[in-house]
Structure formats: C-alpha cells, structure tokens
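Participant: This is what each chain is made of:
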Amino acid sequence: MGAAGGTIAPDRILHDMADLWVSLGKQGEGDAGVLRACSMTLVVAAEESDDAQAIGETLAALMPEHPSRAIVIRFRAADQRSLAARVFAQCWMPFGHRQQICCEQIEIAASDASLPDLAAVVLPLTVPDLPVILWCRSPRLFHLPAFSQLAAIAQKVVLDSAVFGDAAAALAEISGAAGAGHLLADLSWTRLTRWRELVAQIFENRAQLANLPLVTDILVSHRAAATPTTAYYLAAWLTEGLAKVGDHPRVRFHSDGGEPAWRLSLVELRAQGSADAIASIALAEGHAAEVRVGGLVNKALLPALTDYALMREELAIPGRDPVFERALAAAAKLALS
Amino acid sequence: MVIFGANGDLTKRKLLPALYRLAYERRLDAGFAVLGISRTPMTDDQFREKMLASVKEFLEDSPFDADVWTAFAQGIFYMAGNFDDAALFPALDARLKEIDAARHTGGNVLFYLSAQPSQYIPIAQGIAAANVGKGSGWRRIVIEKPFGHDLASAQKLSAELHSAFEEAEVYRIDHYLGKETVQNILALRFGNGIFEPLWNRRYVNHVQITAAESIGVEGRGAYYQEAGALRDMIQNHLSQVMATIAMEPSATFRPDSVRDERSKLLRSIRVMKPDEVLRNTVSGQYGPAHIGGEDFPGFREEPGVKPDAQTDTYAAVTFFVDNWRWAGVPFYVRSGKHLPKRVTEIAIQFNAAPLAIFNSDETTTAPNLLILRIQPEEGISLKFLSKRPGSGMTLRPVSMDFNYGSSFGERSPSAYETLLLDAIIGDATLYTRQDMVEASWAVVDAIQHVWDETKFEFPNYAAGAWGPKAADDMLARRGHVWRQP
Numbered sequence: 000m001g002a003a004g005g006t007i008a009p010d011r012i013l014h015d016m017a018d019l020w021v022s023l024g025k026q027g028e029g030d031a032g033v034l035r036a037c038s039m040t041l042v043v044a045a046e047e048s049d050d051a052q053a054i055g056e057t058l059a060a061l062m063p064e065h066p067s068r069a070i071v072i073r074f075r076a077a078d079q080r081s082l083a084a085r086v087f088a089q090c091w092m093p094f095g096h097r098q099q100i101c102c103e104q105i106e107i108a109a110s111d112a113s114l115p116d117l118a119a120v121v122l123p124l125t126v127p128d129l130p131v132i133l134w135c136r137s138p139r140l141f142h143l144p145a146f147s148q149l150a151a152i153a154q155k156v157v158l159d160s161a162v163f164g165d166a167a168a169a170l171a172e173i174s175g176a177a178g179a180g181h182l183l184a185d186l187s188w189t190r191l192t193r194w195r196e197l198v199a200q201i202f203e204n205r206a207q208l209a210n211l212p213l214v215t216d217i218l219v220s221h222r223a224a225a226t227p228t229t230a231y232y233l234a235a236w237l238t239e240g241l242a243k244v245g246d247h248p249r250v251r252f253h254s255d256g257g258e259p260a261w262r263l264s265l266v267e268l269r270a271q272g273s274a275d276a277i278a279s280i281a282l283a284e285g286h287a288a289e290v291r292v293g294g295l296v297n298k299a300l301l302p303a304l305t306d307y308a309l310m311r312e313e314l315a316i317p318g319r320d321p322v323f324e325r326a327l328a329a330a331a332k333l334a335l336s
Numbered sequence: 000m001v002i003f004g005a006n007g008d009l010t011k012r013k014l015l016p017a018l019y020r021l022a023y024e025r026r027l028d029a030g031f032a033v034l035g036i037s038r039t040p041m042t043d044d045q046f047r048e049k050m051l052a053s054v055k056e057f058l059e060d061s062p063f064d065a066d067v068w069t070a071f072a073q074g075i076f077y078m079a080g081n082f083d084d085a086a087l088f089p090a091l092d093a094r095l096k097e098i099d100a101a102r103h104t105g106g107n108v109l110f111y112l113s114a115q116p117s118q119y120i121p122i123a124q125g126i127a128a129a130n131v132g133k134g135s136g137w138r139r140i141v142i143e144k145p146f147g148h149d150l151a152s153a154q155k156l157s158a159e160l161h162s163a164f165e166e167a168e169v170y171r172i173d174h175y176l177g178k179e180t181v182q183n184i185l186a187l188r189f190g191n192g193i194f195e196p197l198w199n200r201r202y203v204n205h206v207q208i209t210a211a212e213s214i215g216v217e218g219r220g221a222y223y224q225e226a227g228a229l230r231d232m233i234q235n236h237l238s239q240v241m242a243t244i245a246m247e248p249s250a251t252f253r254p255d256s257v258r259d260e261r262s263k264l265l266r267s268i269r270v271m272k273p274d275e276v277l278r279n280t281v282s283g284q285y286g287p288a289h290i291g292g293e294d295f296p297g298f299r300e301e302p303g304v305k306p307d308a309q310t311d312t313y314a315a316v317t318f319f320v321d322n323w324r325w326a327g328v329p330f331y332v333r334s335g336k337h338l339p340k341r342v343t344e345i346a347i348q349f350n351a352a353p354l355a356i357f358n359s360d361e362t363t364t365a366p367n368l369l370i371l372r373i374q375p376e377e378g379i380s381l382k383f384l385s386k387r388p389g390s391g392m393t394l395r396p397v398s399m400d401f402n403y404g405s406s407f408g409e410r411s412p413s414a415y416e417t418l419l420l421d422a423i424i425g426d427a428t429l430y431t432r433q434d435m436v437e438a439s440w441a442v443v444d445a446i447q448h449v450w451d452e453t454k455f456e457f458p459n460y461a462a463g464a465w466g467p468k469a470a471d472d473m474l475a476r477r478g479h480v481w482r483q484p
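Sequence lines, in order, name chains X and Z. For what it's worth, numbering that gives the first Met the number 0 labels the leading residue of the first sequence as 0, then goes sequentially. For what it's worth, numbering that gives the first Met the number 0 labels the leading residue of the second sequence as 0, then goes sequentially.
Note that these hints are calculated values from the structure, not bench results. Small disclaimer: the values here were computed from a predicted structure and weren't measured. Even for Gly, the Cβ is constructed at its ideal location relative to N, Cα and C. Do not rely on the hints blindly, as some may be mistaken.
Pairwise CB distance ranges, derived in the manner of DEER restraints [stated by the list, open to error]:
| # | chain 1 | residue 1 | chain 2 | residue 2 | range |
| --- | --- | --- | --- | --- | --- |
| 1 | X | Ala328 | Z | Ser411 | 26 to 34 angstroms |
| 2 | Z | Glu56 | X | Ala17 | 18 to 26 angstroms |
| 3 | Z | Gly218 | X | Ala328 | 51 to 59 angstroms |
| 4 | X | Ala315 | Z | Gly327 | 46 to 54 angstroms |
| 5 | Z | Met392 | X | Leu34 | 21 to 29 angstroms |
| 6 | X | Leu34 | Z | Lys133 | 27 to 35 angstroms |
| 7 | Z | Ser61 | X | Arg97 | 43 to 51 angstroms |
| 8 | X | Arg249 | Z | Met392 | 37 to 45 angstroms |
| 9 | X | Gly164 | Z | Ser61 | 54 to 62 angstroms |
| 10 | X | Gly180 | Z | Gly327 | 30 to 38 angstroms |
| 11 | Z | Ile214 | X | Gly180 | 30 to 38 angstroms |
Below, a sample of chain Z positions facing chain X; criterion: calculated Cβ distance under 8 angstroms [claimed, not checked]:
| # | residue |
| --- | --- |
| 12 | Ala52 |
| 13 | Glu293 |
| 14 | Pro296 |
| 15 | Lys340 |
| 16 | Gln374 |
| 17 | Pro396 |
| 18 | Asp472 |
| 19 | Arg482 |
Isolated chain Z (complex conformation) (with noise of 0.2 angstroms):
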C-alpha cells in the first residue's frame, strides 16, 4: 500500500492504526508492506518509530501488542518526494520492485491519496506518465473526498484519474459509508421483511438526516472557508447515507449491484430549479456564544476566515425523490459545526394512525419514529406510544433501542478498517462511483449556484444552536419540526 501524504494528519489518526488492527486480526498477508511518501525527508526506521507513536496514541478499544508491531513494521518503508516532481515516479517504480521482491506482495499495489486535494491530479497524471497504474499483480488508487469542488472539477479530476486505471480500480472513499450502522441500514432492510413494506410515501411521512459536530471549524477556517457545509457533509457523506435509505433494494450484494441502486437513487433526488433553492434550503453560519462557561469565536473570528466571510457553516437541504417510491416524501437533510452536541442519525417519521381514538394532547399523538444512530452510540431505536399502567387511557411514548456497544459482545472494527480491507480484497460496495459522485454534484451545484450569489445576513444562529430559524421555518411550511437528537 502506498500512502502519498504520509506524514498527514489521516495517516496518523486513521490509517496506520486502522492497518496496525487489520494486522492484530491477522487479516492482512504476511507480505503486507506500506511504503509512506511525502515531502519530508526521512529514513525508514524514523517512519516506523513516528508510525509507532501514532499508533499508541491513536489506536482505539483495541490493546497494542508490542510483537504484533514488530513483524508489521517490518513491512513499514519510507520516500521523500514532491507529488509534481516527475522523477518521483520511476523512482516509486523502482522502490516498489525491490519491496515486491523482498516481500513477495505479488506486484498488487494499493495506491492511497491522502494529500491535499490539489495534489490529486498531478499524483494521477504522475503515475500515468510513469506507468505505475499497471503492473505484475492488480493496481487500484483510493482517493479521500472531496472529489471536485463542483461537477466540472469531479468529472476532470476523473478524467486523470481514468489516464493511470480503470473506474474499477478507482475507489472513492466515504468514510460514512463504512461505519457500522450505515451497513447496517442495508441488514435492517433487506434483511429483515417487516421494514421494507413500510419504506415508501405511503406509510413514511418524512425523513430527517442530521451531521450535527459540536466543535467549530477547529484551525481548519481557511480551508473550511473554501468548502462550506454544503459540500463538505451533503454532497458526498449524507447524500450517500440518503442513498443507502432510499434506494431500491439490490438483486444481489454484489458490489455494482448496490452500487447501481444507490447510484439510481442519486439520480433520481430532483434538481433544484433556482427559483425553488431559497425556498427549499437554508444556508447559515454561526456566530459567537458563551457555553458552558467558555467563549466560542463566531465563525468569522476564526483564524484564517475572512471578516466576510459568506461560507455556510450549516446547511439544511430539503431534497425530493422523484421516483414511485418516494414521490412527495420530504428528506430533510442538514449538517452544521458548532450544534449543540455531535451526533449523526436518521429519523424516520411514519404517518400517523388515521383516526386518533384516545383523548389526545401533544403527547399523545407523537409520531411513530425510527431512529438510526451512526454516531457516538451507534444503534436503532423505535419509537412508538403505550398505554401508561393505571386506570384510564393514557398513552405515553416509549422506544425500544438496539445498541451496537452492549448488544454485541465484541469490537465494531473502525471505518477505516472495514474499508481499507475492502479495498485490499477488492469489494467496492462501500465506495462511491463516479456515477453516484456526478449525481450528487449536479443536485448540489444548483444550490450552490444559487448560494453563490446571495448575500446572506451572516452570521444568523449562536454557536450552541441548533441552526438558524430559517431552518425550522423550512419545515414548519410543510408541518413538520426538526427532532432534536
């Protein structure tokens, strides 16, 4: 595995400690070797002992074996170079026949990108001039999000990427996607045969798909300033977790197979005409607040945020499905820094018992719901009302809750685990196609299009909010509220 960006924040946190696991489960090949390359000039032992360092510090629920590590890091190796230097290339090449011959790792080569976005395709166009795409074994490239700023950028950025390997062998990762839960909306699913006959516009009234991070943009203004809440969360991430719910259920669990049907459901979220997008979305930014006894800087006071700065910090999105399953059933979907809690989840709402027998207050005619948690506590809950014990008629919500942490009695592995071995063994139904990539673009431009020429009254909610008004507006036009999770 060739990691460009090595010395990164992602390789630290995530993929060396993702690896490291897989290797502790003995689920990689003795010959596994990762080769690390980025600018920084540094033997291969310095790398291993960095590696080793994040390892221990980043490694979660899950203990560290000193020997384990050992015969791991024994496959760990190290270059210096610049992505735009075209002598890096054969260089890699050469480096990665002595590791095949050292190690015997049959000439397969998994390529990941975890550089700065910008460096995607001079890396492609290197590795195409260089040949590296090709070789003895498979070759496939793994590339982190976001994959374009718009739709023209993603369909280049594909384009380079098509120069060195094939759509097969390119996998967009969506970290989402490998989460437990998200799989585990396709078990709940297709797997189970109460679910499904309730999952269309007759018996669902809306959804809601909430990206909710407590913290703001935490040192990361300048780039977050460039990409806002809209593409950051909603065109890759939650528009892949809408898919997972939505779509239409697979012939078979063979990768293109769902990809397909998430694929079909992509296509089929509405386009926004402009006159529907400030109708149908709301875009907000936070402001400073007080919490907890701490002050928290608006998000134009951050560090390298223009005092201007029109970036949407928080976007809600009311999407249509226009197919028979889904027509005229509201998907609300919104992501924001700076919410009152970090949590991502789905709620379905169902519709209501057509006639209201029992005396009725607010209580009494909470809707039916299902909740998907994805995080912190992964796990379902149903939600629904029972008749409270003691005379008289009096129905009160209940919920009967799955959780992942206590009703199973072993790890969950990370999403970098789950998805790093997918790549390995060469299972893309957890990765995003250029097709679904496309789809999601074009729904989300047209929003953006729009955004980009309003001047909005930032900021328009405190940190510690939940959103701007402008959001519960949104739904209050069609009677609906935002749950707070």
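Here chain X stands alone, though its shape is the one from the complex (with noise of 0.2 angstroms):
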C-alpha cells in the first residue's frame, strides 16, 4: 500500500484500516459477525534481517491475551528515506465459540534514513485512551539519535539488554534512561522471574527464613565468558532484598563457558565458614533446576523463555514495575563496581 516515491500517508492506513474492518465483518459467518478486540498499540522495532516469521508467530500468539493494534516496523540500514505499509488482521477462533476475534495489524518497511519521519506516521496509528508499548528488537536501532522520537509516543520501551554486547554499559544506558524519566523493561530481567520464584520459595519457610541474616557471599555462575546482564539482575535483586534485612553480602560472578550467553547455570547463597551452601538453585538437565537447601534436594521446572513467554508477562506490566526499577539502579551500579 505504500505510495509512489516511498511515502505513507496515516490517514490512508486508518482509512484501510476501517475497510478491513468493513471485509471481515462480510466475511463472518451467519450473524455470528467478528469480533475487534483492543487492550493497546505494540509497537514493534526491528531490523529487516530480523526473522519476520517469528516475530509474527509471536504476536500471534500474543493476541489472545493481549490483543493490540500491532505496529511491526522493519528497519534497512539505508540514507536514502523510502517507507511503504500495509494492514492485515489477525484473528482467531476461542475454543467453543462461534465467532472470530481479530486484531489489526500494521507493517510498515522503513529505511533508517526514515526514522525521523515515522513518529508523525505512528502517532497517529495509535488507539487512542490505551498504552502504547514499543518493543525494540534491535541495539543499533535504540542507539539511532531520531529512536528517542518513536519512544517518546510509547508510554514504555521494551528492549532486550542481552543483545546489547557489553553488559556494563547496557545497564549503565538503560538505566540513564530510566533515571531520565522514560518507563523501561528489560526482557533480560523478565527472564529472571522463574530464579526469583525459586528463591522466594525457599524462604517462604519460616526456618529458612531466619538464615537470610547470615548469607554474606552471592555466587551466580553463567554459561558466558562474560558477566551478562541476567547475573547482575539476579545479584542485584538479591543484595537489594537482603539489604532490607541489614544484610551486606558479598557477590561474585563466575563463568561456566557454554550456550546460551545470557543463561545462568547456578545461584548460591552461603554464610561466611559454612561448608554448605545455606541455598543453592543449579540449572539440571533438560527444562529443570535442582534446589538445594540445607540437606534436601528438590527438583522444579525451569521451561526455556520464548519471545512470546517473555512479551506475555511484560505487556501484562504496562505501568511501572518498582521492583525491576530497583534492580536495574542496583544491577548498574554492580556492573560498574
């Protein structure tokens, strides 16, 4: 749909928008008709050599739980401003029902050299009175000077500091940003939040929990040479939680070497001369995570996170998350330390 000359006009994007709209309801059989369901604008950023079948598997798989106007936004490294979109629904049939639930869908191809033009076309493509979420798969499009105008339309960013190279300077930018005021995710922390179950668990029990005060070393062990951003995450969120009962201890990292980069292999909690680990959780074989307290050894799942499982849990935080806040001003100053 796009124009001659590599232009789009939003108007003609609501106006084919609306047309869809009008075709899918011809379309729904007898009077059962189609459903249009909303709850936000995902905005999705990212480059052209990004596999689009997947990114569209996910949304697909989104929509049931969050339904959203979709904005996939596909980035050439090119200086010369070419833009071309094109509307699409997705829909689906709930289990047991007879009528359809769709979503609309936006694509729009972009040159870099067209950035700055694009928040005037995605501002209006918004749905009004719901968030708007951008989720930018790409570092080198976050780093791009006119990226700050699409984020500034979205009330938060979602990025993935795990492809970002160096952990250091990952967090210390992500966590600049939000000190700026800009509300951010980080699909890095969301992957953390299985571990942070795990740990909770343990201390659930009231026994165990009178060990928190005597934990002084963190150890958090990861498959990367180097320290990824998952490390300090979890670190961070443990120093902060055990600062909160007077406890300072001290953390260390250490590498494992293997695949995935951004994975942890283990997480230990020990007191100072004890020869055991007060808590430890280790990555086990297949989707699993062995458990180790005092003497007792459990086993719980640890399923691998898609794309999809991660998304799922941050569109259902469209505000602030306080406790990841807390973590990133704590992982950055870890990684910096």
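The task is to assemble the complex, starting from two chains supplied on their own in separate frames and drawing on the hints.
Facilitator: Written out as structure tokens, the structure is:
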C-alpha cells in the first residue's frame, strides 16, 4: 500500500484499516460476525534481517491474551528515505465459540534515514486511551539518534539487554534512560522471573527465612565468558532484598562457558565459614533446576523462555515495575563497581 | 430548490449527491425540481450532464440507479446569471413560475446559497427587490457559513436576509449538526435515564472537544488566511457541538424548543475580558514538516498566503459556562489543520473515584471517559477500569464501544441529506438561529480582537503534531492533559 516514491500517509492506513474491518465483517459467517479486540498499541521495531515469521508467530500468540493494534516496523540500514506500509488482521476462533476475534496489524518497511519521519506516522496510528508499548528488538535501532522520537510516543519501551553486547555499558545506558524518566522494561530481567520465584519459595519457609541474615556470599554462575546482564540483575535483586534485613553480602560471578550466553547456571547463597550453602539453585538436565536447601534436594521446572513467554509477561505490566526499577539501578552500580 | 452557485464545489460534491440519494429513497415529491444558477452559460442538458458526472463521482455508500437518475434529472434546470445583476431576479421569478406550471411545485421554493459569502447580501437584496421571497407556497432560504466574519457583519447579513425572509424562513446550515452522532448526543442525553444525572459539575471534571484535520489548507490558502481556525471552526461547528453537549433538556422536541435551549447555552458561555484571553486561548500556525516520506509546506509557504501571515491554523480555547449546571467546569475546544489525524470527537472526563483504594499507578488511575466520535468512525465509547484476570488486584482501562457502522445494519444518511430534507419539510431543529449566531460571535469576537492585536511567533507547531506546546500548557495549568484521539 506504500505510495509511489516510498511515502505513506497515516490517514490512508487508517482508511485501509476501516475497510479491512468492513470486509472482515462481511466475511463473518451467519450473524456471528467478528469481534474487534484491542487493549493496547504494540509497536515492534525490528531489523529487516530479523526473522519476520518468528515475529509474526510471536504476535499471533500474544494476541489472545493481549489483543493489540500491532505496528511492526522493519528497518533496513539505508541512507535513502523510503517507507511502505500494509495492513492486515490477525484472527482466531476461541475454543467452543462461533465468533472470530480479530486484531489489526500494520507492517511498515522503513529505511534508517526515514526514522525521523516515523513518529509522525506512528502517532496517529496509535489507539486512543490505551497504552502504547514499544518493543525494540535491536540495539542498533535503540542507539539511532532519531529513535527517541519514536520512543516518546510509547508509555513503555521493552528492550533486551542480552543482545546489547557489553553488559555494564548496557545497564548504565538503560539505567540512565530510566533515570531520565523513561519507562523501560528489559527482557533479560523478565527471564529471571522463574529464578526469583524459586529463591522466594525457599525463604517462604520460616526456618529458612531465619537464615537470611546469615548470608555473606552470593555466587552467580553463568554460561557466557563475560558476566551477562541477567547475572547482574539477579545479584542486584538478591542484594537489594538482603539489604532490607540489614545484610550486605559479597557478590561473585563465575563463568561456566557454554550457550546461550545469557543463561544462568547457578545461584548460591552462603554463610561465611560454612561448608554447605544455605541455599542453591542449579541448572539441571532438560528444563529443570535443582534446588538445594540444607540437606534437601528438589527438582523444579525451569522452562525455556520464548519471546512470546517473555512479552506475555511484560505486556501484563503496562505501568511501572518498581521491583525492576530498583534492581536495574542496583545492577548498573554492581556492573560498574 | 434554487441553488445559487450551482457550478461550485459544494453543489457538485454534496448537494446534488444528497438530493439524488433522497430521490433514490423516494423522499422527494415527484414534482421536485432543482434550478441551478451561476455565471457560466449552460443549457439545462449541459447542466444535467455535469451533475450526472458529479453524482456518479461523489455518491457515497450508495448504488447509482440510471432509472432513478433519469426521472430525477427531468426536474433539473439551469439559468446563467450574475448575482449582482438586478435583472436576474425578475427572470428567476419568471422561470420559477414556468417550472411550477410544468411540475406542480405548489409555489414552494427553497433558495440555497452555495455562492461566495460576499454574494449573500446582493442575492438577498435581489430576492427582496424582485419580491421572489414571497409566493403562493412557502419560501425558505438556506445559507452556508460563514454567517459574517464578526458580530457586526453577522447582524448586517441577518438584516439583509430579513428584508426578504422572516427569521423562521432563514435556515443557517451547519453540517456538523446533521451528522448522526451529533444528533445522537440528544438521544444519548435525553433518551436515557443513566447519563443525565451525571451530566453536571458534580461529576464531570472537564470536557474536550477536538476537530482535527490531517490536511493543510489544500489550495484554499487565500480564503483561509482571512478566516482562521477560530472563526472557521470554533465560532460555528464547535460552538454548536458544545451547545448540544451542554444545553439543558428541552421540554419538547420541537424546533424552537430545542433551539431555545441551545441558544440559552451559547449565551451562558463566559465572554472573556481582554486580560483573560491569552491565558485561556492558544493560537497556532503549522510550519513545514516531513511526514511519512513526504515534504509538507508550512502555512506561510502555501500558495496565496502572505509570508508573514498571522492566521491561526490551530485554535484552542478554554470556555466556561456560567450556569448552575456547569459553573467551574472547563470546556476545552480545539481545532487545527495538519494535525496527526482527521478526527472530530467529544471527550467527557468524569471525576476520579473519591478514594483510591487500589495500588495506583498511571494506568490504574485512568479517568472515566465518555467519548462521542463524530468522524471518521461515528460511535460512542465508555472507558472505565476493570480488574485484570489473575491473582492480585491489578486494574486496567477497558472500553465499551458502540459503533454506528457496525451496530445498525443500515446506511447512515449524509449530513446534507438530513439537513436538506429537514429544510424541505420545514424542520429547523438542526439549523442555527440568528440569536445563536450572535451569541457565539460575541464569545469569539472577544478572543479575535485580542489575537488581532497580538503578534504571534508563528509557526509554532510542525505539521503532523498535536498543535503548539502552549496548548498543552493551557491544560496543564488546571492539571489536565489533552487526549490523543
């Protein structure tokens, strides 16, 4: 639907969307019609080289729980300004129902040079009165100067610091942006939810809770040669929590080597002079973790996390996540220390 | 129906397609006739051909039926003439008698002024001088905005019209009032029991009325330069919409009963003192921008516009209504060219719950809003908070939507179809009366006088943005923010 010369008019896109709904309504079987669902605008900024099919599948999987107007912008590194757009619908039929539920999707192809034009295109395409979430899948885009104009439209920007390269620099940058008032989310933090749940479950036991102030050392082992942001986040979250009981343990990181680089392999809480850890959680075979507390060993599920699972969790928190914000600030300090 | 300015855009794009559609729906009498008048010499057949092309091009959401057109076209006539020429009007009278004899129109004539506003007075004077405003049947005159360019000129225009027509015969058309959603405001407010008890200062925090256009002046720079957003939109369309939103219930749905209430409301709008104007209004003008890969000129670069023009292509005003129902409730009204999207809507923001008992962040304190969408997708939305499924008490804003297009399986008539039919049957409910025009001019003149004496730093917003920052600041001073429609 891109006009000649690589230009797009937001009004045209909105008009095409209106036509799309009319045609969907006519296609609906019998009187069931289609149900238009929308709880937010989800803007996805991705590289042209990014797997389009995977993004499409992730969005399709997200829609039943987080029905959104999805605006997928695929960038290619080019000096010439060019833009093109098309609209279509993502529909599904809930089990046992006769009515299709549909969400609209807009795909925009853009060159880097046209990034400064994009905010004026995306702004009118956002759904009124609903949150706008920007999922930036590429650190290169995040670093483009004009990206801030696009980010300014969104209430929240979702990033993945795991792909940023240097963890300390990434955390400093994200923490700086958060400090400047931007509402950010980091999928590297979201990957820790299950680890944090396992730690929290250990100390739900009153006997173990009493051991918390005894923790003097935290060890976080990871696969990558360099400490990833997930390791810093977990350590920061633990130290933040322990500080509440007046405990200020030492933190060590250790590399086991292996893939994927962001994956953690062990977290261990120790008391000084004790041969055994107070508690540890280690990555085990398959999608499992081995949880050791005192002499007891348990297995717990630690499922592999897809983009869908991570975004599903992030989109459930359209506002501020104060726990993440505190962990981010602490992780940035930890990485720079 | 006599159309002055029959060769103009309005006739081609709106009037003839609307009349054809009324004929298609069999809403017009079999003897209905159209007599077009403009300066261009043309025969009846040439005019019919031209109108056929227009109807085919501009007919919206409706099939074209050649048989209906053939019957309808038999009643289309044309005469060439200059509106300043006194000889035109006796000739018009003679032609009307001919048509009446041929088509049995009963002597009823609806004059439609689709000409340049500067020609309204010569036309009115010509009609009065030739006594064409009176006849064996009813005679009415429909005029398009602008109804003057200030209070004094509006009063002068009215006096000239009254030399040929009674006020009850003057139909000042405001096509916004013919839109289904604007009419539906009355149905929503006065046909339901649940809204009216909330419709007052106790529950309504503020009201925002937005009429945004995504395009610039599109070749109308020379005209627009003299008008501006305040006069072109707020004085007429938006003040009428505001009156419909805020008026008291009418005792009956008779034309003058409804118009009396609208008029009362317009007269209750506080007229700003000169020192209040710049605090409660914002004038804006768009500058150049690059949007979606395309370069757009600033207003001052548009053809026919002076390079130092002080015209407001954007106007935002905080109105207050001095009556018991609305005292202290701000009505924020804005209109502009080259804003991000074409949209007209009314947002009524209700007061927050008196006590926030849930963990609150910006999403869980979102205000209740009732949105009345006038265009492009006519409908109504009610926004409120709901618990998100799952553990914990997390609130998320949700909305209940009513969409005209999908809720009723039938086509909505265009505003011109509604209004033309009303004028033909003599229902002036949706037309503007002189006292309403004067009341809104009194409010707008007070602002315009101060603006005329102020040198604004234009341009102050880029094409494609939601207006100047000063408009945001105007709301921020009262702790409010503009919605992004």
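Participant: Please go over all the hints and tell whether each is borne out by the structure.
Facilitator: Going through the hints against the structure:
1. Ala328/X - Ser411/Z: 26 to 34 angstroms: Violated, since Ala328/X and Ser411/Z (Cβ atoms, about 55 angstroms apart) do not stay within the stated range.
2. Glu56/Z - Ala17/X: 18 to 26 angstroms: holds, 21 angstroms
3. Gly218/Z - Ala328/X: 51 to 59 angstroms: holds, 55 angstroms
4. Ala315/X - Gly327/Z: 46 to 54 angstroms: violated, 39 angstroms
5. Met392/Z - Leu34/X: 21 to 29 angstroms: holds, 27 angstroms
6. Leu34/X - Lys133/Z: 27 to 35 angstroms: For Leu34/X and Lys133/Z the Cβ distance comes to about 58 angstroms; the hint is violated.
7. Ser61/Z - Arg97/X: 43 to 51 angstroms: violated, 32 angstroms
8. Arg249/X - Met392/Z: 37 to 45 angstroms: Given a distance of about 39 angstroms, which is inside 37 to 45 angstroms, the answer is holds.
9. Gly164/X - Ser61/Z: 54 to 62 angstroms: Once the Cβ atoms are compared, 60 angstroms apart, the range 54 to 62 angstroms for Ser61/Z and Gly164/X holds.
10. Gly180/X - Gly327/Z: 30 to 38 angstroms: holds, 32 angstroms
11. Ile214/Z - Gly180/X: 30 to 38 angstroms: Given range 30 to 38 angstroms: holds, Cβ gap about 34 angstroms.
12. Ala52: Where the cut-off is 8 angstroms and the nearest Cβ of chain X is about 24 angstroms from Ala52/Z, the hint is violated.
13. Glu293: holds, 4 angstroms
14. Pro296: violated, 15 angstroms
15. Lys340: Holds, about 4 angstroms.
16. Gln374: With a closest approach of 11 angstroms, the Gln374/Z hint is violated.
17. Pro396: holds, 7 angstroms
18. Asp472: Violated - the Cβ of Asp472/Z stays beyond 8 angstroms from chain X, reaching only about 17 angstroms at its closest.
19. Arg482: Holds - the Cβ of Arg482/Z comes within 8 angstroms of chain X, reaching about 6 angstroms at its closest.
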